[in-house]
Amino acid sequence: MNDSSVATPHAGGAPKISKISEAVIRIAGNSQDGIQAIGGFLARLAGRSEQEVMTFMTIPSTISGGPSIFQVRIGSGEVLSSGDEADVLLAFYQHSYEGHIGSLRKGGIVLFDSDHVEAKPEWEKDYHHIGIPISGLTVEAIGGTARDKGKNIYALGLIAKMFDLDVPKLEKLIAERFTGKDPSIVKNAMTAFHAGYSHSLGGVLETFKFVDSKNKGGHQVVMNGNEALAYGLIAAGVRFGAGYPITPWSDIMELLRRELPKYGGTFMQTEDEIAAISMAIGASYAGRVAVTGSSGPGISLKTEALGWAVMAEMPLVIIDVQRGGPSTGMPTNIEQSDLNIACFGSHGDAPRVVIAPADVEDCFYSAIEAVNIARKYSVPVILLTDQGIATRIEAFREPELEKICQDISPDFKPVAEHKPYDLSAPDGITHHLPPGTRIGSGKYPVVTGLEHDEMGHPTGSPKLHMQMTAKRRKKLQALAATLPTPKIYGPSEGNVLLVGWGSTQGPIKEAVDRARAAGDSVSSLHIKHLNPLPPGLENIFSGFNHVLVVEMNDEGLYGFGQLGGLLRARYCDPKIRGLNKTDGLTFKVKEILERVKTNVAAGLRKQ
Amino acid sequence: MSQTLTESPKAGVNLPPTVPAPEERKGLTKKEIAADHPTWCPGCGDFSVLALYFKLIEKRKLWHEKITTVAGIGCSSRFPYFVQAHGAHFIHGRALPFASGISLSRPDLHVFVFGGDGDAFSIGGNHFNHTARKNIKMTYVVMDNWVYGLTKKQTSPTSPLGFKSKTDQWGAVDYPINPMKQAIAAGATFVARTTHSNPNHVLQMMEAAMDHDGFSFIECLSECVEFYEGAFDASNPRKGGVFNLVPADHDVTDEMAAYKLADEPFPGRFGIFLKKPKATKNAKEAEIIRAAREKVTGLKDWQILQKNFDRMK
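If you read the sequences in order, they're chains A and B. Note that the first sequence covers residues 3 to 609 in the working numbering. Note that the second sequence covers residues 5 to 317 in the working numbering.
Excised from the complex, chain B in its bound form (with noise of 0.2 Å):
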């Protein structure tokens, strides 16, 4: 019995031996966590984030073998190959299904996924909602740059009305998604939103929502220098802009005041829109495997399937 729900030994499970205490073992260094050189342009957003990943890992002193590294498909989705650490590259749209058959059965893992919005919004929008709403343990960074960029430059669900793209030449004409409300009316229990050319926030993001005790959502803008250059300097003070952070007195449990900050016009806030404790998949899941177990107690597996077909003879 093992990769189980349970994380309690009694209940048989056999997870990966303890990890030797942290003092036993130094904290990895850029270059450990480093693999392949990013392919993407040079000055794209996504740089960025790549690299508050890695301070995430130095800071928290997370080891290679801890973590998993999910994407889909999409310039930003190229993420796992560039991480040093057990990784998946998966297809268009599905990368939280596929990070939610590694959380429900592995509590040991921390499960980050990375994207974007094509991937998020578009082609995956319907595992985005039920993720959410089933709070499967997980932290999501889309890296939303209101373009589809791998593609070269169609309209993807976040461009604004007017948009010029190679699908819509004269200007996007469909109503774009934003982000934020969607997660929060999905039902997310942790949404949050920074910008690439804030580190010092995407960080502090990041570790909010690695703490997060359910699936933490973060909406990065990040900019693609080669479709969609300037897309978000109205919300960089180097470029003239405004970078507003959440109020100090909004409360983070409400979630119609979170949808209230999510509607501002861009450049809009950053920070924690919505952060709300509830019980997460994972430990439903693992409290009806205990009350199961429970019936079972010192049945080996053969004699449990036994039982059943004792009651087919």
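Bound-form chain A, shown alone (with noise of 0.2 Å):
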């Protein structure tokens, strides 16, 4: 809690108030107490406030039930990860207070609930305890027959009261989370709330309140990246998906299964991974580019369409959240060890768009930005995200729709003839005529996989095959000498350069201002575009002693991760070094200054 003054003892008087410029709240107890919905409130509600937020949290992967956290980070300044010591614990159960409490910073307040929990006396030196009856409290605000149902609503009475929280808004968010459902759940959340409002806090010496942040001017929004992205993709004009349930991707299939009728268009389960690519390749080719997605193992069941769409010059996104590997692996964990199948995926050269979107927002952009590549280069677009981008709420400025939505309705209209691989189209990119389309000639192209001519009839022709290739390969090179080149993060020069990609970018830009801080000489880049890379990276790595490439996946055989590999490859600069982790959680800022100072360190003795 930065900027909060010490909590001195107040001997009988009010509770000290404390102005703070963020706070960073766990919620731990189990998968069904609603805990994602506290959180859910207290992000919606930063975002109401003009405030920076930034959650974190864990599901289990068993069906139904065991331990789970929510984490937010709440922030009147720039929030860039979801914080590595939590202010404050709130755990319904023992063994969320004895498992979490290791997060708490020393001096951290424990909130528990005394009906659960017993609170254990070598602890309390440490962290202020604050036990409060929470399930007996809420069945006694609430009473019926709802048991302790409701406890996070209470819970988060507790919290609006620690932290001066806006009440009138708060209610207002209550009442739109339960609008259309029995008005008696609506009156029940509110009660308890209130209860949880109004009780004593007791023995608190401290409670908190925000200052108030700058005013950004506009309104934000509240979302998960999942969110983000499938509306991103109805903002680009994308009308029609095909998916296959995995975690956890199956969120954005479910929402775009819902929202996309609202357009005219439509969303399809499918029997598998490959017939969900199949099929929206097949409503690509007939004249809208379409868009379909996965984790993990649906992913390398994609692959030989992707080839397909490569081959044919076939427009298609393709969203792979990424979750800990290989095969099943760990369904609910992050790990960035995508890279490799999204740049190179396929037998053959098969050339393709990788994207990496860094944060919520990020996710909204890329997709419009994955649409427009996709049909401008007539090629298929890979936006790599991950569990945790996926999953993680964050607040950002409101997008102006009206201007963003665009329409990319297919244009039927007749043509006097047409080579739909003609080699000398400029650039070599290919456009597509949707099926529906007269072409005067008479003479109609064939889409296919095998090796083609210029109207995409099979050939076995040595000459085609090089000419062809190329083409595929051409395009992207135009592509890539387009791409902005990435701002670094800090000064151009120095000693170490952190490279990241994807959603470690929060706190990766945390490490440097920490580092900076304490004096040492730390920068970082962020590369949005993988495949192809943007143009000027090599300047940029020329102006630093170390250029450590920070991934959440393994160093691989020859002590590179896989981005690390990709730009030793390209740019053959042995300061080029991994620095990866394979724990299937976030990075820690405290994390990343710590191995930088080994890795340097390593690096030196090398030298």
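Each hint should be verified, as a subset may be incorrect.
[What the hints assert, rightly or not] Simulated crosslink set (DSS-like; lysine-lysine; CA at most 30 Å straight-line): (1) 122/A with 108/A; (2) 311/B with 445/A; (3) 151/A with 35/B; (4) 317/B with 530/A; (5) 183/A with 311/B; (6) 445/A with 63/B; (7) 63/B with 35/B; (8) 445/A with 476/A; (9) 122/A with 590/A.
Just so you know, these hints were derived from the structure itself, not from any lab.
Hints given; two lone chains; assemble the complex.
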């Protein structure tokens, strides 16, 4: 809790109120207790209060129940990660208390349900303990047969009191959440909330008030990465998709299935992963770029059809919400180990585009970019997100939908003649005509996975295979030339450059801030366009003594992670080394800082 | 808004411009429909299926741009290259989901899928079952030759017991799939059987399949003269066999009766085994869209999205 003055015990008087600029609250319980709902309310409130917010959650991969946490970091300034240590731990059970007290900073507050948790005296000197019989008080407040259902909302009331949160806004959020349900549910929720809010915090020595955040103008919207991505696709004009359920991708297909019919489109649940990509490609061929997606094993299954889309030069958007692998791996954990399959997964030479959004807001805009690249270059584009970014909630500036939403309806205007694989096309870019288009010459195209001539008919000609292979490569080289060079965070010259991709942008930037505050020379670079890579990276690397590629994947047989290996192969720069981990959890800022220190020291020894 | 499932212009659909009325455009000639010369072996049964597809297009006055020909991998799956129309040659076994993507987003097109027994019942077996049960509108002609021809004589899922192939030198040991039973059990709403050696019957079946609103499946025996010569002689009167039609009193809406017909030993029966009216996936999705759009009448796409974003503030 930055900027908070040290809590000093008051003899008897009212609790001291400290102004704070940010706070990390960790809620630990079981997955069915509605702890995600508390986190969601807090995140949404932050969004409405012009604050920044980032959440982090773990869900068990069991079918129902099991320990689960939800961490919310709210700040009046920039929030880059979900926070290494919690300021407040809300523990519903003994296992939540014992399992998560280690994540609380020394001197932090543990708020626990004394109906289920017995405090350990040895921890009481390090952490401020506040025991409240949350379950019992919830039953007492609501009455009836609801048992302790609603204790999450009671706890929300306690937190609202502790942080002096905006009660009318929270009431509105609660009412909105339960709109359309039985009125007694809203009533019970409000009762629980107010009971919690008016409960005396007893021995609390200090409550907190957020300093006002700088007004950034405009409204904020609050959502998770999967939602941002799905809405981005809709804004981009995608109206057809197909998928097969798999965690953590399923949320996206559920949302699109629900929303697309409003726009005249639809989303198909298919019999398997292969059918999903095949159906999406069929719809793309029919005239409007379509979407498919998956996680882990599903991506492996899709690669043959992906190769067809490369060969036939068919636009397509494929979402890969990465999880721990290989095989079934760790379905509810985070990993960035699909970069290789995204960039290279196929037999044959099969160039495609790979883009990795860096945060929730970026998911929205990257989806639109992916659609537009797929259309412009007639190529499959893979959007690589991960379990962390998919499920975490962030607030961001509301997009101007009227300006952003695009109409990508196919054009069926008759043409005089058409060659789908015209070798003389500028930059080798193919533009297919959808079926339904009349062609004056009477010569119609075939789209195919066989090597083909300019009309799409099969060929065994060595010359044509060379020309067509080059055509499929050259259009991506043309795309590469248009990509922006990523901006360095921090000075453009120094000792260490941290290079990242995907959801690690926040913790890496925060690591740079902390390192620089401690006097170390560290900058960072985040690469969003991973295949093809943007121009100018070699000039950036030349400004640093060490280039450490921070990735949540294995260091590999030769000591480099997946992006590390790609950059090594591309730039032949021995300064490029890996900073990898495979624990299935997001990077903590201090973890990056510690690893940088040891890594740089080891690197210096080698030199 | 376009390329959507609803056909009503009121739903904001922007389908291709209406084709001029038939009298304004002459029907296509065989020359205009034929593309590459087929690469099949001389005498292959597939020639006859291709010729009858041309005849269907001529007879029914289908325009180049109104049909889409889709195939997977195999000898017969070379089909799209030989037809002068929009076509797609997709990957092995996956022609049906690809064609479903077209069918479900383009109600204005006739989607025809051609393939072999390996494509349909081996590598693509799962898709056959699901496309049939969902009743996605398209016509699927399986040119069944009881052997893998393109890879030169391996056992196929329809190879009869004892058939000597390169992968079963001593004769096939796996029980073959009965395509008709498979289709009926999967819930196909139009199931017919024909053979390349009876051209008039092939055309009849194709016409009936095309007119069926739903997933229409035709098993067309198509002899592989190179690797399974004489396989279907017993069904060809010119070779001393018998061509038995489905009995005139057969009720095409009776699934059990259809299944019994399918159980007859080779050469079995030819004709329509099953034809059952059932709502298509296409119609059901169009209804979901209609109901959803009714709630957002008058709103532009960005305004519909804005409503969602307003709830996330």
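Run the distance test for residue 122/A versus residue 590/A: straight-line Cα separation, threshold 30 Å. holds (27 Å)
Take the C-alpha atoms of residue 445/A and residue 63/B, compute the straight-line distance between them, and say whether it is at most 30 Å. holds (21 Å)
Keeping to a limit of 30 Å between CA atoms, is the pair of residue 445/A and residue 476/A held or broken? Given that 30 Å is the threshold and the Cα spacing comes to 27 Å, the pair holds.
Below or equal to 30 Å on CA atoms is what counts here, so check residue 151/A against residue 35/B. Violated: residue 151/A and residue 35/B sit about 74 Å apart, past 30 Å.
When you check the alpha-carbon spacing of residue 63/B and residue 35/B, does it fall within 30 Å? Distance of about 14 Å is within 30 Å: holds.
Need the status of pair residue 122/A, residue 108/A: alpha-carbon distance at most 30 Å? holds (15 Å)
Can the restraint linking residue 317/B and residue 530/A be considered satisfied, given a maximum Cα separation of 30 Å? holds (27 Å)
Compare the distance between the alpha carbons of residue 183/A and residue 311/B with 30 Å, and conclude whether the hinted pair is satisfied. holds (19 Å)
Need the status of pair residue 311/B, residue 445/A: alpha-carbon distance at most 30 Å? Answer violated: residue 311/B to residue 445/A is near 46 Å, above 30 Å.
The structure fails to meet hints 2, 3 from the earlier list, while all remaining hints are met.
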